[in-house]
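There are 2 protein chains.
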Amino acid sequence: MPQASTPQAALSAVLEHIGKEQDRYVSDLQEFVRIPSVSADPKHKEDVRAAAEWLMGRLEQAGMENVTLVETSGHPGIVADHLHAGPDAPTLLVYGHYDTQPAEKSDGWVHEPFEGALEGGRIWGRGSTDDKGQLICHINAAEAWLKSGGGLPINLKMVFEGEEEVGSFHFAEILDKTGDRLRADLLIVSDSPMRGEDKPAITYSLRGLSYFFVDVDGPGSDLHSGIFGGTVWNPAEALAHMLATCKDPKSGKVLIDGFYDDVVEPTAEERERLKEVSDPDAVFLKNTGASALFGEEGWTPTERTGLRPTFEVNGIRAGYIGEGSKTVIPRTAHAKVSCRLVADQDPHRVKELVATHLKKVAPEGVRVSVELHNLGHPVRADPDHPMFVAVEKALVDTFDNRPALLPEGGSIPAVADMQKRLGVVPILVGFGHKDENMHAPEESFRLKNLFRGTEAAARIYGEIAAQKRG
Amino acid sequence: MPQASTPQAALSAVLEHIGKEQDRYVSDLQEFVRIPSVSADPKHKEDVRAAAEWLMGRLEQAGMENVTLVETSGHPGIVADHLHAGPDAPTLLVYGHYDTQPAEKSDGWVHEPFEGALEGGRIWGRGSTDDKGQLICHINAAEAWLKSGGGLPINLKMVFEGEEEVGSFHFAEILDKTGDRLRADLLIVSDSPMRGEDKPAITYSLRGLSYFFVDVDGPGSDLHSGIFGGTVWNPAEALAHMLATCKDPKSGKVLIDGFYDDVVEPTAEERERLKEVSDPDAVFLKNTGASALFGEEGWTPTERTGLRPTFEVNGIRAGYIGEGSKTVIPRTAHAKVSCRLVADQDPHRVKELVATHLKKVAPEGVRVSVELHNLGHPVRADPDHPMFVAVEKALVDTFDNRPALLPEGGSIPAVADMQKRLGVVPILVGFGHKDENMHAPEESFRLKNLFRGTEAAARIYGEIAAQKRG
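Protein chains in written order, with this note's numbering: chain A, 1 to 470; chain B, 1 to 470.
Misleading hints may appear alongside valid ones.
You can't tell identical chains apart in this list, so a pair holds if it fits in one copy or across any two.
[Unchecked claim] Derived pair list, reagent style EDC-like, types lysine to aspartate or glutamate, alpha-carbon separation capped at 20 angstroms:
#1 Lys199 to Glu371
#2 Lys468 to Asp88
#3 Lys286 to Glu364
#4 Lys360 to Asp248
#5 Lys250 to Asp281
#6 Lys177 to Asp384
#7 Lys253 to Glu364
#8 Lys199 to Glu173
#9 Lys286 to Asp217
#10 Lys45 to Glu323
#11 Lys359 to Asp248
#12 Lys43 to Asp185
#13 Lys43 to Glu323
These are calculated hints, taken from the structure and not from any lab test. None of the values given here were measured: they were computed from a predicted structure.
My request is simple: use the sequences and hints to build the entire structure.
Written out as structure tokens, the structure reads:
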């Protein structure tokens, strides 16, 4: 492949290529979104595989090499690379996920969740922003370098998994099976929101997750509330009482013994920097649609989502929940509960702390079990690392705007695994937007960010190569 | 119709008639149980009507007069009478219901729910004890008097409804449409359990019911718990906190202001009498299958079910309740809550007290609505009324055992309506048994109680006639 005369000339050719391919980028993403790769739902198992296969085709087409499907006990991973930039060039690993959250039209979608409709400058559909639209920016960027830039200026590796939305249960199997093949200097993940309409963001930390199922068993069977009402603990009420002890309704603090023990307190400098880019309450009120905000006392909403752990009930179910009424004392009650974690909290330890607490406060007459279902370790990188500076420059050049340096509230369990096992510096550069309804009905992705995301990825590859050259 | 020479001779002939008709009583009840008259389920609407029509045929066959189907906005009522005992004889109204709770084989039934299988001395099927098997005892008894006793010794009226299991929503329409036709001195209802295998019971009070739906609305849509966790009140947690304030987890007392204001405290004599027939804790532990009992401090379990009001969560639902996990902060949370009431609590007032309480304790950032779905007034009669003495004698003669005088924990909203509008003294004499699984899978009815219930009803008609004669 002929090398362009200068890095600048090569980049210009790459950017020109990207400008010409926009229509194809859109139709590609529509195809991808139309595959309902819902990892949580067994009935979509074949669809998840179809998305993996679609992705392999796109990687081959882009010119990536050694495109491999890695089987796991769950949904497969996809690995590809292009390693011709020489031993002195940096090696970048790009991570993304091709699975999606569940979506049913009846959940409140206006657009069909798996049609990829184009409207108002966006593509609408489950997975459009999380993460299909974002991961495809990297494939587009690699393709542009390979086809028009005289080859990639870095050694590029990519890994895409199909279980991020169900907790990356088998991601470790992908790492086990690929061994050193994914070793790299730097990890780039594009699966997070920008800071604003034209304001990019670099994320230097991710919250972890400890997700568990709480089961409360009471009487031997459902009971008639007339005949037996007043004689036994009602498991639904026991669960309500137990959950109500987990968080102070005034201060918002989690009341589980030891919960905050391992939390790394942010520095004054970190809080100051974050203050500059923090949203005012009015923005949180608008984005949540709530009539008032609530959270841990002493921290701003931005700090609460980025720097502080949480305790949330994600689902609760007991007794009769159909139409009409039934006078029943339920036999059991169930909750799905998760804690978002910050460095250096451990998901296993947090689950144990919660289980100990719930068992302590459970009334006599009910049995409680707490089962860990899903976990992710928190991630935290040093934003003064030189690679952050390189990425920052690429973003300034793309968006004409300085990126915000942010702690992120979400969790990407696989990132913690890769940081630990591959020795990579994790940098999260997202092209989504908070109003794009990831995990909610009417998910969408701005088409302009499909294009700018592709440009940013291409520029990042150039800048980290330049950074390494000195 | 020729009168028998003495009341005693007439009764002997009636009892002899009953003894001969047992096989037909069983096959009749099987026919009745085979009609799946599930009032809650719209797809059984025609079955409910078929049961009403079957009942009319049976009443005609028994010799009852003016058998009338009374249309309502819901399922119809059936009214019949036989009024030839003269103006000095007492007038008795018998109430029952021909509708049933829902039942699906998959709920845990061994027998088919609507086949009326005979096994182990019982008939098995939904509605067998609640209330088809019990109401038919009265039709059998009336028939025996009419065919073999020289005519009924009392003026007898009967009313059967098809909506008891869904809260007797349209029973008032039956009373509206029949006007004075159902006026009577005494009301007998057979829709309750006996005290033991051979120990009959007379129920002198019923709990009322106030059943309402609680809806808690929080953010404008479901939120991603990573991006927004820590910024708003989670409606599932808000609901848990709110419900946890409604009952003291130590004393079991309902903590809603004014809840106990209208409760008629039982006399020391009433508590003493109840003590004699109270079940020990071990029986409640066995019947509920719970590992410990719980309820309002200072009262025995029997008192708590009979004399005290309750607050129970019958159902609760929020967020993601499917398989696996979803990291969502739900937009809404819902509970179905009911209070069992005792005299003189008013279901509307109790609903208002609960709504006021929940709105007071609801955190800022959520909206609460409480909607009354279902209600029944409590019923309380004076067990020293002479008609109770007459019924007691009939039961002693049938079961060779003194009946227990009991307060009942369940609710029959129609009984309160009849007490108020028809001026009747309500007496509840049931032939069911607590282990016959009303409202649960594997409902059954003892055949021996079909026969003894018929005999008891026949004797009751004789005794109340004798009581009136002096």
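Consistency of the hints with the structure:
1. For the identical chains of this complex, lysine 199 and glutamate 371 are neighbours neither inside a copy (41 angstroms) nor across copies (46 angstroms), given an alpha-carbon limit of 20 angstroms.
2. For the identical chains of this complex, lysine 468 and aspartate 88 are intra-copy neighbours only, at 8 angstroms inside a copy versus 112 angstroms across copies, given an alpha-carbon limit of 20 angstroms.
3. In this assembly of identical chains, the alpha carbons of lysine 286 and glutamate 364 lie at most 20 angstroms apart only when taken from different copies (16 angstroms versus 43 angstroms within one copy).
4. Within a single copy, lysine 360 and aspartate 248 get their C-alpha atoms as close as 17 angstroms, and across copies as close as 17 angstroms, so both meet the 20 angstroms cut-off.
5. Taking the shortest Cα distances, lysine 250 and aspartate 281 sit within 20 angstroms of each other inside one copy (18 angstroms), while across copies they are farther apart (40 angstroms).
6. For a Cα distance limit of 20 angstroms, the shortest separation of lysine 177 from aspartate 384 qualifies neither inside one copy, at 33 angstroms, nor across copies, at 84 angstroms.
7. In the homo-oligomer, the alpha carbons of lysine 253 and glutamate 364 lie at most 20 angstroms apart only across protomers (16 angstroms), although the nearest pairing inside one protomer, at 26 angstroms, exceeds that limit.
8. Proximity of lysine 199 and glutamate 173 under a CA criterion of 20 angstroms is satisfied in neither setting, with 36 angstroms inside one chain copy and 66 angstroms between copies.
9. In this homomeric assembly, lysine 286 and aspartate 217 come within 20 angstroms of each other (Cα to Cα) only across copies, at 16 angstroms, whereas the closest approach inside a single copy is 40 angstroms.
10. In this assembly of identical chains, lysine 45 and glutamate 323 lie within 20 angstroms of each other by CA distance solely across copies; the values are 14 angstroms between and 32 angstroms within a copy.
11. For a Cα distance limit of 20 angstroms, the shortest separation of lysine 359 from aspartate 248 qualifies both inside one copy, at 18 angstroms, and across copies, at 18 angstroms.
12. Proximity of lysine 43 to aspartate 185 under the C-alpha cut-off of 20 angstroms is found in neither arrangement, the shortest distances being 38 angstroms within a copy and 64 angstroms between copies.
13. When the C-alpha separation of lysine 43 and glutamate 323 is checked against a cutoff of 20 angstroms, the pair qualifies only between copies, where the shortest distance is 12 angstroms, while the shortest distance within a copy is 27 angstroms.
Against the hints set out earlier in the document, violations occur for numbers 1, 6, 8 and 12.
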